[in-house]
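Chains A and B, in that order, are what the protein sequence lines are.
The numbering of the first sequence is the working numbering, which starts it at 847 and goes up by one.
The numbering of the second sequence is the working numbering, which starts it at 334 and goes up by one.
For the record, the hints were derived by calculation from the structure and aren't laboratory data.
Treat the hints loosely; a few may be bogus.
So, partial list: chain A residues that the calculated Cβ filter (under 7 Å) puts toward chain B [to be verified]:
1. P1138
2. A1141
3. T1144
4. L1311
If you anchor each label on the Cβ, the simulated ranges turn out as follows [to be verified]:
5. R364/B <-> H1405/A: 26 to 32 Å
6. E445/B <-> F1135/A: 22 to 28 Å
7. G509/B <-> A871/A: 53 to 59 Å
8. P606/B <-> V999/A: 32 to 38 Å
9. L1312/A <-> R506/B: 49 to 55 Å
10. R1172/A <-> S421/B: 22 to 28 Å
11. E445/B <-> H1350/A: 47 to 53 Å
12. L1139/A <-> P452/B: 44 to 50 Å
13. R506/B <-> G1211/A: 44 to 50 Å
Among chain A residues calculated to face chain B with C-beta under 8 Å, some are [stated by the list, open to error]:
14. V957
15. L1103
16. V1105
17. A1148
The beta carbon of each residue, even a glycine, is placed where N, CA and C say it ideally should be.
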Amino acid sequence: MDMRMARTRPSRADALGATGALGAALPFLALLVVGLAFPLFGGGYWGVIATRACVYWVLVSGLNLVVGFAGQLAIGWVSLLTLGAYTTSVLAAGNVTPEVPPYLALAATAVVGAVFGLIIGLPALRLRTFYFAITTLGFATIVTQVALAWQSVTGGGVGVPGPVFPPPFDTQWGFYYFCFGLAAICTWMTANVAASRFGRALTAIRDAEVAAEACGIAKPALLVTIFLFSGAVAAVAGGLFASLQSYITPDAFTLDLSVLFFIAILIGGRGSVLGPLLGTILLTVLPEFAAPLVAWSTFLYAVLLLVIVLAIPGGIAELLDFKNRRPLASNRAIVPRPDLLPRLLGKPAKAGTLTLQQVALSFGGVHAIDGLDLEIRPGQVHGLIGPNGSGKTTTLNVISGYYAQQRGAVKLDGAALPVLARHRRAHLRIARTFQTPRLVGAASVVENVMIGGTIAGDGTFVESLLSLPRHRRDEAALREAAVLALSVVGLEALAPVRADRLQHSELRFIEIARALILRPAFLLLDEPAAGLSAEEIERLGALLEAIAQAGTGVLVVEHHPDFIFDVCHHVTVLNLGKVLAAGTPAEIRSHREVVNAYLGG
Amino acid sequence: MVQSIVLSGVAIGCIYALIGVTYNVMFSASRVFSFTAGTLGMLGGVLGSLFIGQWGMPVLVGFLMVLVAGALFGIVTELVAVRPVLRSLDQHLYVLSTLALALMVQQLTAIEWGTESRPFPRLIDLPRGAFDQQFWLPMAACIVAIVGLDLFHRHTLVGRAFLAIAEDTFAARALGLPERGLRMTSFALAGAIGALAGFAGGEMLLAFFGNAPMLTFYGFVPVALGGMGNNRGAVVAGLLLGLFQQSANFLVGGIFASVAVFTVFILVLLARPEGLAGASAQRRV
């Protein structure tokens, strides 16, 4: 039985990836064919519209990673289009430098755009949502004003001619194919990122930032990378835009354009590449169908935005997601397979103990934990119980670096853990789950588990961008491990399903799978049995025992005394931030104070 | 020269402060920052010019009509763009819904009113002087609004209920306070204050649709720097912003003044994301 399972699993993991990839690529291939054949049908004016859609998409594809994936509300991205348009035009026209060949000018623009993408994006590392939105809006106004004022370079209100690309790209259709080619490359690259550990990490930052940190995802580094990329392609789009317009003035870069880019992504749906692509085409073409509507176009975009937000927050992508409309079996059960654990976790690496020495932390005048000693040994399940407010979750949060203790030390094998460095914990192979499951609802179950293995990859962002071999190896290995982890917790049948369609108890087990994929030396669980049925609690207990047997040190915060006494080797009882009692389950069960204060007589 | 810089700086600072208060009143009741704050200011100017300048209404009637229109727009904002997305506050959908509503009104104004700025009527028949009504009207409006709000919060039952909601929505609801009604009232009040800002500053800013994004940005600076929900902080930061902007205007010219304001704004925010007067909140896991 086991042999058969072992042989069939990997091939299933492959199939899951391969068929999914083919189905996902079909709409893009169809668009590619239509785009290539477009000059056969379209008249002169439609050529301009089609070229414009391509140029816009070059920008939106990059912005999509910022807005759709990372969830950063960059509403003023037109500033980068403006910057790119002027940089290319000014370089090509030779206003300040000797005349630069257009291709070289475009390349230089990409570099300038990357730098400014970073500058405009940087506040996102410190500021939240509305604040960041406002700062990007501010940039958009400033850039136009500078373009207007810096007459010696930008020509002020009179403007500058856009660059003309040499043959064969100097005709209308030639230029169209140039832009279409770049748009296709951008689509390919961003789709690669979307399907990589970087794309998943971005959605994790967007929807479950705390969990992302616990998985070792370093938000600053990741955001800096995509701001560089997004700025570069946006500026290139600006260069193309200038060439398409043939002459640019500051008036060309209204906030309306910014709104168009932003709304195209939201109409398309967050966390999708196809949706925003369709959204961009839709918004570029829509006003052309009725000339009187042109003046109303921004008004209509705004109405669309409101309707989308209120009625279908998932956008086009959700409407097209037929796979997730099929009803799920209602009688599904979670049947973990602890026997597969050794395959997932491998040979237990030699790990030391995780110790807390005299740790104290108070919020205002409240002593949340007050001189706590704790020792978690590999291969043992350690239970942490106590009444509400006794400091259980706070202890977990100190260990995983969300809170800084004011006194005492947390040590792993004798070395103190860095204070508040939450995303370093995953590198030390300390994994955790949360009191309320923190998952990316819009991502599939298997993708959620893969987020847990983000730090396991070797490939760089650029390798993922270009889908180089190392990236593909990373992905295959990660997917296989994720499916295996799902089999361990008994949820592999739900691998392709959107996580937000599942029941609460299933989400708890997905979090455990996400933690297990890290092959943790220590696993911290915050009330894993809450909301589970009696049967599920029993299976959870067996799973935890097996995890400990495989060499992992497990710390469980729980309220179910029976569950704790059944699975734990060692129990610590907290009261008001202090250790009330510690010992084996049998000792605790008969401890008089514990029975009085907590368990009841 | 110094006198005119100070006068116009304080006056424009008062307008920014009032828009900041508009943000704050909406925020306190709902934990939502709304992009419509600047739109309200723009509407105050445009509607004032329409009612009094074009339709020839008496100044007082026109003024009251502007306040009513602002309050109505506040209520519409609450109903259309805030209430439906409050349940999922953590997803920040309000940023998008209020942006959509603000854009709709702004575009509608651009189409119906025009994209050129139009003059705002003189409200009081007095000769022009150094300390002109275009300067002291915004100052008076700001003082009246701040003092009025303060008295309202301290001395009326509804005002105290506002404070309770702002402090702890759940606790207030548990006490049986009509949270929805109070939120709607807050938005109506914010609407009137925003419209008052645009109306009082009409002669300085003119009746111009483009004032909406401008005020949305400059009105948020006092909120961000003064600490969210903190009206006194907003007034101080607003006045500083106005004075800084007008001096930069005079010293380095208009465009680089906005660059300077923007740079200072970003740098201060990066150094202290919770504002100069705000306290940082403990993070909850």
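Interface hint status, A1148/A versus chain B (Cβ within 8 Å): Status holds, d = 4 Å.
Just tell me: holds or violated, for the beta carbon distance of E445/B and F1135/A against 22 to 28 Å? holds, 23 Å
Hinted contact P1138/A with chain B - closest CB pair below 7 Å: violated, 11 Å
For the hint 53 to 59 Å, verify it against the beta carbon of G509/B and that of A871/A. Holds - the Cβ-Cβ distance for G509/B and A871/A, about 57 Å, lies within 53 to 59 Å.
With chain B as the partner, please determine if L1103/A meets the hint condition of a C-beta pair closer than 8 Å. With Cβ-Cβ at 13 Å, over 8 Å, it is violated.
Satisfaction of the V1105/A interface hint, Cβ to chain B closer than 8 Å: Holds - the Cβ of V1105/A comes within 8 Å of chain B, reaching about 6 Å at its closest.
Return holds or violated for the Cβ distance of L1139/A and P452/B against the range 44 to 50 Å. violated, 31 Å
Is 32 to 38 Å respected by the C-beta to C-beta distance linking P606/B and V999/A? holds, 34 Å
For the hint on L1311/A, does the least C-beta distance to chain B fall short of 7 Å? violated, 28 Å
So the hint says 49 to 55 Å: do the beta-carbon atoms of L1312/A and R506/B match that? holds, 54 Å
If I claimed the Cβ atoms of E445/B and H1350/A lie 47 to 53 Å apart, would that claim hold in this structure? holds, 51 Å
Please test the hint of 44 to 50 Å on the beta carbon pair from R506/B and G1211/A. violated, 27 Å
Comparing the model with each earlier hint shows violations of hints 1, 4, 12, 13, 14 and 15; every other hint is respected.
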